[in-house]
Amino acid sequence: MRTYILKRLLLVVPTLLGVATIVFLIMRVIPGDVALLILGGDDGGQIDAQQLAAVRQQLGLDQPLIVQFGTWLWGVLQFDFGKSLWTGAPVLDELLIRLPLSLQLALMATLVSVIISIPLGMLAAVRQDTWVDYVIRVISIGGLAIPGFWVGILCILFLVIVFGWGPPLEYHPPWVDPWANLSMMVWPVVTVGYRYSAVTTRMTRSTVLEVLREDYIRTAWAKGLAQRVIVIRHALKNSMLPVITLIGTEFAFLIGGLVVTETVFTLNGIGRFVVDAVAHRDYPVVQALVFLIAFSFVIVNLLVDLTYAWFDPRIRYR
Amino acid sequence: MATGIRRGRAVLTIVTLAVLASALTLPGTSAAAETPRKGGVLLAAIGADPPSLDPHQESTFANVQLVAPLYSTLLQFDPLDSSKIIGDAGTSWKTSPDGLTVTVKVRQDIKFHDGTPLTSADVKASYDKIVFPPKGTKSIRKAHYEVVKAIEAPDPATVVFRLKHPSAAFVSNLASPWNVIFPKKYLDKDPNHFKANVVGSGPFKFKDYTRGATFEGERNPDYFIKDRPYLDGYKFYISPETAVRAAAVRSGRAHIEFRGLPTSEVEAITRQLGNKVVVQEAPTPGWWAVSFNHKVKPFDDVRVRKALTLAIDRYTMSKVLFPLTGLKGVGGLVRPGSEWAMSPAELEKLPGFGRDMEKNRAEAKKLLAEAGFPNGMKFVLANRNVKLPYQDFAVFVIQEWKRIGVEATNRPLETAAWFDTGRVTRNFETIVDPHVDFMDEPDLTLVDFVSSSPLTNWSQVADPELDDLYERQGRTLDPAERKKLVNQFERIVFEKAYFAQGLWWVRSIVHSARVKNWKAAPSHYSNQKLQDVWLAED
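Top to bottom, those sequences are chains A and B.
For the first sequence, our numbering assigns the number 1 to the initial residue and increments by one for each residue that follows.
For the second sequence, our numbering assigns the number 1 to the initial residue and increments by one for each residue that follows.
Just to be clear, a hint being listed does not mean it is correct.
[Unchecked claim] Keeping only pairs whose Cα atoms sit at most 27 Å apart, straight-line, the calculated DSSO-like set for lysine-lysine is: (1) B/Lys38 <-> B/Lys319; (2) B/Lys297 <-> B/Lys189; (3) B/Lys38 <-> A/Lys83; (4) B/Lys207 <-> B/Lys84; (5) B/Lys484 <-> B/Lys496; (6) B/Lys195 <-> A/Lys83; (7) B/Lys105 <-> B/Lys84; (8) A/Lys83 <-> B/Lys319; (9) B/Lys365 <-> B/Lys387; (10) B/Lys365 <-> B/Lys142; (11) B/Lys483 <-> B/Lys349; (12) B/Lys149 <-> B/Lys94; (13) B/Lys135 <-> A/Lys83; (14) A/Lys237 <-> A/Lys223; (15) B/Lys185 <-> B/Lys105; (16) A/Lys83 <-> B/Lys138; (17) A/Lys83 <-> B/Lys207; (18) B/Lys235 <-> B/Lys319.
Keep in mind the hints are simulated off the structure, nothing from the lab.
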C-alpha cells in the first residue's frame with residue numbers, strides 16, 4: 001500500500017509538468033496582451049507606443065518563450081510562483097487570500113450534498129416507481145437542469161424583494177465571525193449543494209438499484225433479514241464506489257470551478273480569480289491556479305482510490 | 001410702464017421660483033440646505049478592483065474611485081459644478097500672457113497622513129513622475145502633458161509649469177482626478193512605492209484593502225479643511241456582477257454604486273424603495289461607436305463608410321438603448337450639451353444625424369450601388385464580449401444595416417483579444433470602439449483621428465487637414481475660436497465618414513436618500529473625494 005501511495009505521489013510530478021506546459025503554451029497562443037490591458041484601462045485611452053514596449057520589457061514579456069518558461073519553472077521548483085503581472089503582488093499571497101473561502105464553500109457544499117443525496121438516492125431506489133421516487137426524481141432532475149447561477153440570482157432577488165434583505169457582501173472567516181460567515185455562505189452553499197446533491201442522488205439511486213438486483217441481496221431477503229439491514233448494511237456499502245468517485249471529482253471541481261456562483265454571491269474565491277487572471281492574461285497566476293486545481297484533482301483521486309479499499313476489502317493496491 | 005414693471009416683476013418672481021424649485025431638486029444644493037451630520041461609514045459597491053493603487057499608473061475607474069478620497073490634487077473640478085475648476089492643494093493659478101508659463105500657488109497648511117507637510121517640492125515630484133516617468137514606471141496620461149517643458153518649485157508655496165507652446169487644455173489637465181500628489185521622499189526611494197502603499201493628504205486615510213473583496217478608508221482628523229470630512233469613513237465592496245451590485249443597493253448593503261447601473265435596474269430599485277433612494281442622471285464624456293478599418297477594402301471607400309453611417313437611426317437607437325444600456329446622447333466628437341458641442345441643428349446637417357431616415361436610407365443604398373454593392377454587402381463587426389453596452393449596441397446597429405441590405409456578423413471577442421484586434425493586429429473590418437474621458441476636453445477625444453496617435457486611432461485615419469486642425473485647436477486659448485476649430489474638425493470626420501458615431505453614455509446613479517451632498521459628475525472618474533458627503537439619519 002505504501003509503495004502504491006508513493007508511486008501515485010511521484011506520478012503527480014509529470015502530470016503537473018504536463019499541465020503546466022500545455023497551459024503555458026495555450027496562454028501564449030491566444031491573442032491578447034497584458035501590457036496593453038494595463039495601459040488601456042476601461043476603454044482604451046491614450047497609449048504611448050514607447051511606454052507599451054517599456055511595460056512589456058518590465059514584465060519580462062520581451063524575453064523568448066523558452067526563457068520565460070524556464071524562469072517560471074525554476075521558480076516553481078523553489079516554491080516561488082512569481083508575481084502577478086496584473087497587480088505585481090506575489091501569486092502565492094493572492095492565492096492565500098482566496099483559498100480559505102473556496103475550501104470552505106467546497107467542504108460545506110459537499111457536506112450538504114452528501115447529507116441530502118445519499119438518503120434520498122437510497123429512498124428513491126427502495127421505493128422505486130412510487131410517488132416517493134417520482135418526487136425525488138423531479139427534485140433531482142430539476143437540480144441538474146437549472147443552471148446554478150440562475151438559482152443564485154433568484155435566491156438573491158427573492159431575499160431582496162420579499163424581505164428587503166440581501167446576503168452580506170464581505171467574507172468573514174468562520175473563526176472570526178461565525179454568524180456573519182454563515183449568513184453569507186448559506187446561500188451559495190444551498191445553491192451549489194442543490195446541484196451537487198442532484199447529481200449524487202441520481203447516481204446513488206442507480207447504483208443502489210443495481211445492487212438490489214444482485215443475487216446476494218436476493219439471498220439476504222430469502223434469509224429473512226430486515227429491510228433496513230439489507231439496504232444499509234449489504235446494499236449501500238457495495239453501491240458506494242461510483243458515488244464516492246463522483247463526490248471526489250465534484251469536490252475537486254468546486255475548488256476552482258465555481259466562477260459564476262462566486263460572482264453572483266460576491267465571493268472572492270479561486271474560481272473568480274482564475275477567470276480574472278485569464279481575462280487579464282496574467283500568465284503566472286493562471287499557471288499557478290491551474291497547478292493548484294490539477295494538484296487538487298490528483299490528490300482527491302488518490303484519496304478516492306484509497307477509500308475504495310475501505311469500502312470494498314477485496315480491493316488491494318500494490 | 002407700471003404694467004410693464006409689474007409684468008417684469010411677475011416674470012422675475014416666476015423665474016426665481018423656478019430656479020429655487022429646480023435648485024431644490026438638485027441633490028447637491030438640496031443637501032446644502034440641510035445641516036450636515038457627522039459620522040457614519042459610506043458603503044459603496046464597485047465592479048472591479050484595480051491592478052495597483054497608483055492612479056498615475058492606472059486608467060480604470062476602479063483605481064480612482066477607491067483611492068481618490070485618500071489624496072489631494074493640485075486643482076479639481078468643483079464637486080457641485082463640474083464645469084468649474086477650483087483649487088485643492090493649489091489655491092490660485094495664473095497663465096502668463098504668452099501662454100507659456102502656468103504658476104500655481106500651493107497651500108501651506110496641508111499635511112500628509114504621515115505628518116509631513118505638503119510643499120511645492122511634492123507637487124513637482126508628482127508631476128515629474130507623470131510627465132517624465134522614470135525608468136521602470138509607467139505614466140498612463142503622459143501624452144496629455146507632452147506640452148510641458150519643465151516643472152519648477154522656486155519656493156515651498158509655488159510651482160511653475162513651463163510649456164513648449166500655449167495649451168488650451170493644460171489648466172484643465174491639472175484638475176485631473178488621476179494626478180494625485182505623493183510625498184516626494186517616498187518617490188525618491190522608489191517611484192513605484194504607491195502601487196502598493198498609500199500616503200496621501202486627502203480627507204480620508206487608508207485603512208484596509210483585501211484584494212477582490214473590500215477597500216476601506218477612515219476619516220483624516222488633520223484634513224486641511226476644517227470640519228471635513230463629515231463621514232467617519234468609506235468602504236467599497238468589490239462585486240463584478242451588475243445584478244448583485246444592484247441588489248446590494250436595493251437591500252441597503254451598499255448606499256451607492258458610483259459608476260451607474262442599467263436603467264432597468266434603477267427603475268426596479270426606485271419602484272421598490274420609492275423615496276428611500278435618489279436617482280441622478282449624468283451625461284458622461286464617453287461614446288460607443290463603430291470604427292472602420294481604412295486599410296481594408298471596401299472601407300477605404302468613403303461611399304461605403306458614408307452609407308453605413310447614414311443607415312443608423314441614432315434618435316431611435318437612443319430611445320431603444322437607453323433603458324437597456326445607458327446609451328442616450330446623440331452628438332458629435334464632443335459631449336452633446338458641453339461647451340464645445342455644436343447645436344443639434346448644426347449636427348443634423350451632417351451625414352448620419354439627419355432625422356429623415358427614409359431619405360438617409362435611400363441615399364445609403366445609392367452610395368452602396370455606386371461603390372459596387374447594389375445588392376448589399378457582408379462583413380464582420382468585431383466586438384467586446386461584454387453585454388452592456390457592447391453587445392446590445394452591436395445588435396441595434398446590425399439591424400439598422402440590414403435595412404440597406406448589409407449583413408454584418410457580430411463577432412464577440414474576449415476583452416484582451418478585442419484590445420489586441422483594435423490596436424495591434426488591426427485584424428478587423430469594423431469594430432465597436434468606445435471612448436470615455438474624465439472631462440469634456442477636445443484634445444482627449446479628437447486625438448482618436450490623428451495620424452500621430454496610432455494606438456488610439458483604431459480606424460487608422462491619416463488626414464493632414466485633421467492633424468493640422470488638431471494642433472491648432474489645442475493651441476488656441478480663445479474658447480470661441482477653439483470651438484470653431486473643434487467643430488470644423490468634427491465636420492470633416494463626419495463628412496468623410498471616418499467612423500460611425502453611436503451614442504453618448506448617460507450614467508444613471510441610484511443611491512440611498514441618506515447620501516447627501518454628492519452630485520454625480522459627468523465622468524465616473526471625477527468627484528470621488530467625498531470630503532463634503534454626509535449620511536443622514538436612517
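Hint-by-hint comparison with the structure:
1. For the hint linking lysine 38 of chain B to lysine 319 of chain B, the alpha-carbon distance of about 42 Å lies beyond 27 Å, and the restraint is violated.
2. Of the supplied pair hints, the one linking lysine 297 of chain B and lysine 189 of chain B is violated, its CA atoms being roughly 53 Å apart against a limit of 27 Å.
3. For the hint linking lysine 38 of chain B to lysine 83 of chain A, the alpha-carbon distance of about 42 Å lies beyond 27 Å, and the restraint is violated.
4. Under the criterion of a C-alpha separation no larger than 27 Å, the hint pairing lysine 207 of chain B with lysine 84 of chain B is inconsistent with the structure, at around 31 Å.
5. Simply put, lysine 484 of chain B and lysine 496 of chain B have alpha-carbon atoms about 18 Å apart, close enough for the 27 Å limit, and the pair holds.
6. Note on lysine 195 of chain B and lysine 83 of chain A: the hinted pairing holds, with a Cα-Cα distance of about 14 Å set against a maximum of 27 Å.
7. Among the hinted pairs, lysine 105 of chain B with lysine 84 of chain B is consistent with the structure: their alpha-carbon atoms are about 18 Å apart, no more than 27 Å.
8. Annotation: proposed proximity of lysine 83 of chain A to lysine 319 of chain B is violated, straight-line Cα distance about 47 Å (limit 27 Å).
9. For the given pair, lysine 365 of chain B sits about 30 Å from lysine 387 of chain B by alpha-carbon distance, which is inconsistent with the 27 Å threshold.
10. With a C-alpha separation of about 44 Å, the suggested pair lysine 365 of chain B and lysine 142 of chain B falls outside the 27 Å cut-off, and the hint is violated.
11. With a CA separation close to 18 Å, the supplied pair lysine 483 of chain B and lysine 349 of chain B stays within the 27 Å bound.
12. Restraint check: the Cα-Cα separation between lysine 149 of chain B and lysine 94 of chain B comes to about 17 Å, which is no more than 27 Å; the hinted pair holds.
13. Restraint check for lysine 135 of chain B and lysine 83 of chain A: satisfied, since their Cα atoms lie roughly 19 Å apart, inside the 27 Å limit.
14. Restraint check for lysine 237 of chain A and lysine 223 of chain A: the C-alpha separation of about 19 Å stays at or below 27 Å, so the hint holds.
15. Between lysine 185 of chain B and lysine 105 of chain B the alpha-carbon distance is near 21 Å, which keeps this suggested pair within the 27 Å criterion.
16. With a CA separation close to 18 Å, the supplied pair lysine 83 of chain A and lysine 138 of chain B stays within the 27 Å bound.
17. As the CA atoms of lysine 83 of chain A and lysine 207 of chain B are separated by approximately 24 Å, the hinted pair is consistent with the 27 Å bound.
18. Distance check on the hinted pair: lysine 235 of chain B and lysine 319 of chain B sit about 35 Å apart at the alpha-carbon level, beyond 27 Å; violated.
Of the numbered hints given earlier, the model fails hints 1, 2, 3, 4, 8, 9, 10 and 18; all others are met.
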